[in-house]
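Please take these sequences and the hints and turn them into a complete structure.
Each chain is listed here by its residues.
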Amino acid sequence: MLVAFAPQIVCVVGAAAAVAFDAFERRGLAIAAAVAGLVAGSVLAFAGSARAPELTGDVVLSGTGFSAIVGIICAIGALVLLGSWRPLTEASSGGGLAALATVSVAAAASIAVAADILVLLIALEGLALCAYALVWSARTAPAIEAAVKYFVQGAIATGFFVLGLAILFGLYGGSTSYVWIRGVMGTETGSPVTTAFVLIAVALAYKVGAFPFHSWALDAFESAPSHFAALLAGIPKLAAVVAMIILFSRSVFAGLDTTYQLWVFGLLAILSMAFGASGGLLQRSYTRMLAYSGVAQIGYALVGVALGAPAMTSAALLVTAYALAAAGAFLAAGAFRAARPGWDGTIAALAGLGRERPMLGAAVTVTMFSLIGMPLTAGFWGKFMVFGVAVSAGYWWLALFGVIASVVSFGYYGAVLRSLYFETPTVSHEPGDEGTTDRGSEVAIATVAVLIVAIGIVPLVLGLQSVLRVLTFA
Amino acid sequence: MIALELLILVPLAGVVACLVAGRFAPSFARVVALAATLGFAAALLSLAGEGIFTGQALSGVRVAQESVPFWDLRIDGLSAPLLVLTALLGPVAVLASWKVEERPAVHHALLLGLQAALAGVFLAADVVLLYVFWEAVLIPMYFLIGVWGHEDRRHAAMKFFVYTFAGSALMLVGILMAIFTIGATSIDSLVAGRVALPDPMVVFWLLAAGMLVKLPAFPLHTWLPDAHVEAPTAGSILLAGALLKMGGYGLLRLAIPIAPGVFAEVSWIFAVLGGVGIVYGAAVALVQADLKRLVAYSSVAHMGFVLLALSTGGERGFSAAMLVMVSHGAIAPLLFLLVGQLYDRAHTREIARFGGLGSLTPRWGTALTFAALASLGLPGLSGFPGEFLAVIEGFGAWSWPITLVMPGIVLAAAYNLRAVREVLHGEVAGEWAGIRDLTAGDLIPVGLLVAAVIVLGVWPRLVLAMTGDVFAALALVVGTGA
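Just so you know, the protein sequences line up as chains A and B, in that order. Take the first sequence: its position 423, counting from 1, is numbered 423 in our numbering, and each next residue is one higher. In our numbering, each number is its position in the second sequence, counted from 1, plus 474.
Computed footprint of chain B on chain A; a stretch qualifies when at least three of its residues, placed anywhere within it, have a C-beta under 8 Å from a C-beta of chain B: (1) 392–400; (2) 404–413; (3) 456–469.
Keep in mind that the hints were calculated from the coordinates and are not lab data. Each residue gets a CB set at the ideal place from its N, CA and C atoms; glycine is no exception.
Structure (structure tokens):
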């Protein structure tokens with residue numbers, strides 16, 4: 001079992017080393033140790049993805065896409081931490097925060113491959129506890145409030161989850177592993193099963209911030225330090241979407257009539273897309289806009305969850321693309337602040353920044369186009385595949401709703417581009433108020449942009465299989 | 475033989491070269507951009523030996539024969555004329571924006587990117603690749619309008635993007651329905667397997683939605699006047715000359731072949747939309763106070779002829795549509811070029827403020843008169859054959875109701891001649907006494923377009939020779955309604 005968890009363990013070892021270095025005020029070394037742990041975890045996981053799928057001790061899945069998802073999560077985590085180099089070295093307990101971030105990534109990686117409800121719960125809670133602290137670490141009044149709100153709502157979600165778990169354990173006790181429960185449950189679809197399904201679905205909808213369980217996410221992602229929002233906006237969604245499809249369509253609840261999944265998650269998807277897209281239009285703050293748009297994005301992903309097992313690869317691709325782009329977009333907030341120290345956080349105050357910082361502007365442009373779902377970016381293929389599965393299953397109206405939400409999303413993502421390039425700066429720079437360049441975050445954002453474009457273009461020439469091969473869960 | 479990929483790669487290489495050259499000197503970037511567009515034209519011309527100008531189909535080199543579902547290029551009679559148009563407009567656009575002062579390297583790089591994307595649209599033999607390029611066109615155009623446009627450019631850029639993106643999003647759902655029910659992505663396989671479509675009516679309208687917005691058909695045209703008026707001259711040239719042609723091309727390439735039965739059933743709607751567009755576009759053009767807006771609305775009218783011609787569903791009707799598209803692809807850019815040159819000198823486009831420019835700027839005046847005559851459909855110039863054939867064919871298909879578009883033809887003469895009269899004739903407005911006429915450099919792009927208008931006017935068979943076989947086959951399919 002230890003071997004199957006090796007990537008996560010390596011990450012945690014990196015985090016432990018980071019804590020040790022931090023104790024001696026060696027922040028640079030601490031962050032390097034955390035990053036090294038994540039990189040090693042990612043390499044280990046990708047190496048494991050060459051193996052056939054395997055269920056170890058009825059607790060954890062590994063091999064093929066399951067390992068690849070762990071690898072992707074660790075890699076994005078490493079990239080974000082590298083991009084947070086400057087703020088972390090400047091923070092008073094930067095090494096400790098880096099360790100916390102690393103543990104949260106390891107926990108997210110465990111969520112994605114859990115095959116036991118208790119393991120899933122522990123991983124979810126591990127991630128949440130780190131996340132509360134990371135949001136809080138901004139130490140501003142709004143951030144502390146957001147962290148508390150996040151904590152309270154997270155506790156409620158946990159309550160739902162534990163209730164669902166209790167029902168399942170009470171009915172099919174003996175073990176909490178997916179295989180066991182599925183085996184004992186058989187074809188039973190009585191009301192206790194559906195009640196457990198709804199309770200756990202609601203708990204996970206909370207965790208991914210789907211409408212109407214989203215309100216913590218808006219405050220948390222707006223007021224958290226932007227480099228931690230970069231970590232928390234995408235990676236947990238990526239992990240949770242994979243976990244949801246495993247749980248609801250491939251194991252425990254696979255015996256239910258698929259209309260349950262379709263209605264519950266289809267409804268959540270449509271509500272999330274509608275709310276996130278329309279709410280995003282009203283935002284002035286860059287990070288709050290991203291938080292709202294994240295609700296819409298989880299809506300697209302839930303279309304995949306609603307369609308279940310056939311959409312697993314497609315949904316994984318979609319959330320991977322989102323996690324990458326969200327990491328870039330939130331990191332950009334830090335880079336903007338470095339470039340314009342007086343930035344008030346609004347989209348309008350980014351006026352003309354794209355012309356002043358061509359590389360940063362170009363990279364942000366790529367992430368915005370990917371979030372919209374424009375061709376030539378990773379975001380396009382995610383939507384293409386998920387909506388394609390929806391259409392082929394006969395639910396073309398679900399795809400239609402998705403593309404309409406994408407068009408609306410141009411209203412707010414496009415507003416960023418408009419500000420970056422079309423507007424001229426209104427505030428004149430005062431001497432001494434010259435911005436600086438946050439080299440680390442700009443390099444990280446540029447890397448994200450290159451990856452997004454590569455995933456966008458390579459399938460055109462080599463076929464979509466070149467990308468989907470990595471995310472095959474069989 | 476050179477690979478068709480070059481038609482996309484040459485302008486893309488130009489994008490990079492242009493950005494690099496711009497780091498040394500802006501003027502260097504202009505030369506590089508011009509060279510890249512000429513390289514594109516040369517690459518296309520070098521394919522003449524393969525017979526692409528006589529309607530031969532030509533496929534690209536596939537990277538790996540079986541495992542490549544998307545990358546698949548082809549020229550045939552339908553795409554060849556539009557590629558020639560793209561090749562012609564490339565140098566014209568670069569020359570028209572020779573004097574752009576604001577970051578010329580990026581401006582020209584975007585023009586080249588736009589040309590690459592347009593070439594991709596016309597070359598794609600795979601529906602996913604087609605869609606990718608279709609959307610890719612929006613990106614450079616959005617920045618061209620938004621950064622280099624006029625006063626209200628931000629609003630116009632957003633409106634342009636949202637409208638056309640909304641259209642193509644619907645188109646994407648139609649494409650997904652087609653490829654996931656038929657199980658192929660190449661356009662040929664989709665057309666061959668079209669009987670498997672469970673709901674061709676829905677698929678057709680989803681596809682057509684994207685194309686009718688692009689065309690643009692009345693009442694989906696409202697993005698066009700704003701985008702045209704606010705776009706920089708080179709942007710307007712490519713927008714009117716090549717981008718709008720994507721709409722007609724998409725209908726002929728995908729929507730009609732994949733659901734010919736549905737098209738035969740609903741073609742009367744196309745006729746109505748086309749007829750309304752002709753009259754409405756011309757009537758609105760007549761009352762414009764802004765010269766550029768007048769030209770923009772004239773595009774709506776001309777595109778109405780395309781729809782009307784398509785609606786007949788016959789070989790000659792399709793040919794007429796293609797003739798109108800190619801002709802408009804030369805005339806509208808000429809008009810936008812001339813308006814742009816006037817604006818560069820006068821910094822206004824308000825028709826009422828001009829007068830007597832014919833005597834002050836005789837070369838510009840002659841060119842404008844020529845363009846106006848071409849636009850109103852003077853026999854011997856390129857506007858005539860297509861629109862004449864469209865009306866004749868329209869009458870054959872729909873009989874007397876076609877007479878309702880006649881006011882549109884009269885109005886076309888009225889708005890074009892009004893522009894000529896008010897701007898060129900009459901009393902010389904004092905404020906323009908010192909205005910400069912066109913220089914030799916200005917005359918090069920004008921000359922290119924004038925030549926195209928004359929050649930197409932006297933020799934429309936040039937286009938018909940390319941399209942003949944394709945349209946004969948398509949008309950047969952629509953006629954049998956299968």
